[in-house]
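A.B. asks: The residues making up each chain are set out below.
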Amino acid sequence: MLIVLQGALEQGFLYALVALALFLSYSILDIADLTTDGAFTLGCAVSATVCLAGHPVLALPMAVAAGAAAGFVTAFLQTKLGVPSILAGIITNFGLYSINMMVMGGANRPIGLKNQTVFTLAQGAGVLGGWAKLAVAAVIVLAAGGALVFFLGTRLGLSIRATGDNKDMVRASSINPVFTITVGLCVANALTALSGGLVAQYMKSSDINQGTGMVVIGLASLIIGQTLIGRGGMARCVAAVLLGSVIYQLFYVAALRFNVPGEYLKLIAAVIVAGAIAMPALKQWAGLQKRRHAARRHRGGER
Amino acid sequence: MLKLDGISKTFYPGTVNEKRALNRVTLHLERGDFAAIVGSNGAGKSTLFNAIAGVFFADAGAITVDGTDFTFLPEYRRSRQIGRLFQDPMRGTAPNMTIEENLALAYLRTAKHQTAFFSRVSREEKNFFRDQLALLDMGLEDRMRQPVGLLSGGQRQALTLLMATLVPPKLLLLDEHTAALDPATAEKVLSLTKDIVARHKLTCLMITHNMHSALALGNRTLMMDAGQIVLDLKGEERRGLTVEELLRRFRAGAGKDLDNDRILLSE
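So the sequences go chain by chain: A and B.
Numbers 31 to 333, taken from my numbering, label the letters of the first sequence in order.
Numbers 561 to 827, taken from my numbering, label the letters of the second sequence in order.
Hints were generated in silico from the structure; no laboratory data involved.
Cβ atoms here follow ideal geometry from the backbone N, Cα and C, with glycine treated the same way.
One thing to keep in mind: the hints can contain errors.
Unchecked claim - Short, incomplete list of chain B residues facing chain A, as computed with Cβ under 10 Å:
#1 Arg-637
#2 Phe-646
#3 Thr-653
#4 Ala-654
#5 Ser-679
#6 Met-723
Turn these sequences into a full structure, and let the hints guide you.
C.D. replies: So, in structure tokens, the structure goes:
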């Protein structure tokens, strides 16, 4: 049981970076960034390839840089070339498929037993024993989360938040929304690719389909966290995202434990996301039905 | 301070909906001028403001602010020198951010801070924001950590006014900024506007549908019709002018009666 819990925590932390990225692009910038899936796989591919070359630590900043570049392409398409934002993400995502194949030199790239990863390096240090993997995941994710909270409190971070909140006001405050959207999407996809880079090293393999559906899993984690902890200051939001991701992975691991095939969980994630986003519309509909029902009864009584 | 030379703008050119919104508008404002603009429906008042602020580029003509050519400058660059308030109080502030964060954003306008992307709001700045909020006399200085979405329309408009003038702009554009507020709040925001404009000696253009304010406020009254400035009153000529006289002068200038339902309904 402890091992199951530990695995869920490890994966929860690793995938939390995707949820953090979506917190930035979806919640803050109000952009549905569909580059996520491709950027995640890109992170996996770059990280695995650099790992195989014998540089597991260098692999992570390289994955981050690759993800930022992917985010830049999406941002450029939508801010400068007038491509609708959802389509911009889809186009980048589509193109990334070929790039990911090129990076990996095929559809997958296993990291051999002889090759080191950041996790085996930590285990090799021998201080933390069985908790080494969790420690690596936790340290990196908490550092990323802390850095994001700090960043969102800086003037650039405030400008990015305002861009998603009120574009009119942003332009009137001498902030260039093209710049803030670009920075926001670069940072978001850098986080996504970092997650991919870590997951590839954690799983010791990279696969072209590794990122499929990542945007929905990330959104599900984000929504679970925001429902449980609620919104508030930036630190609270980031904590909610981390918790949401861990809870999602707990579900996932528990379901596997009870022999539910892993593929079925995608349906659950899809329902969670669709249901949570549909909630305001459903509430409004239910309210209207109630009023109609009351009005009909009232009229019936008069007759 | 502000020089407009032959500004023209046509919307939907070459279609049945073609609309000549600005027709060779020329206007010179001196430093410290406070001009009120009145005019018919669709006379081009807001379009003129949008042309000055850079929401779109004019089809022809040149715009100069304090000696700098603004004609081809993008909107966000002009915003460093131009403060703007709209009729809708919701447009000027970010609702999910706190009062303090909104003010911090407005403070970005200073050139000194433009490069300091990773700097945070300092304690001195917080104290400065608090002092400035206290001048609004709305109790906002004790609510700095609350999101702006919780404020009333009047409070939001007062905050927007403070944000637009926190770093005194070279030009302040007020587009009927009290029109969406209830009369008492509108009065309050207008008196705050007068205080702030006087304190910073701002150059200011104000669109209004209140003929009395158009004559009582500031030192110039402009009247627009069909994309042109048809009347420009200042100094001796403007002093002691009544609303009736103003309407008569408008008729003489535009060749027709002033047609603005808001003005007609506001009396």
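A.B. asks: Any hints from earlier that this structure breaks? Give me their numbers in increasing order, please.
C.D. replies: As far as the earlier hints go, not one is violated by this structure.
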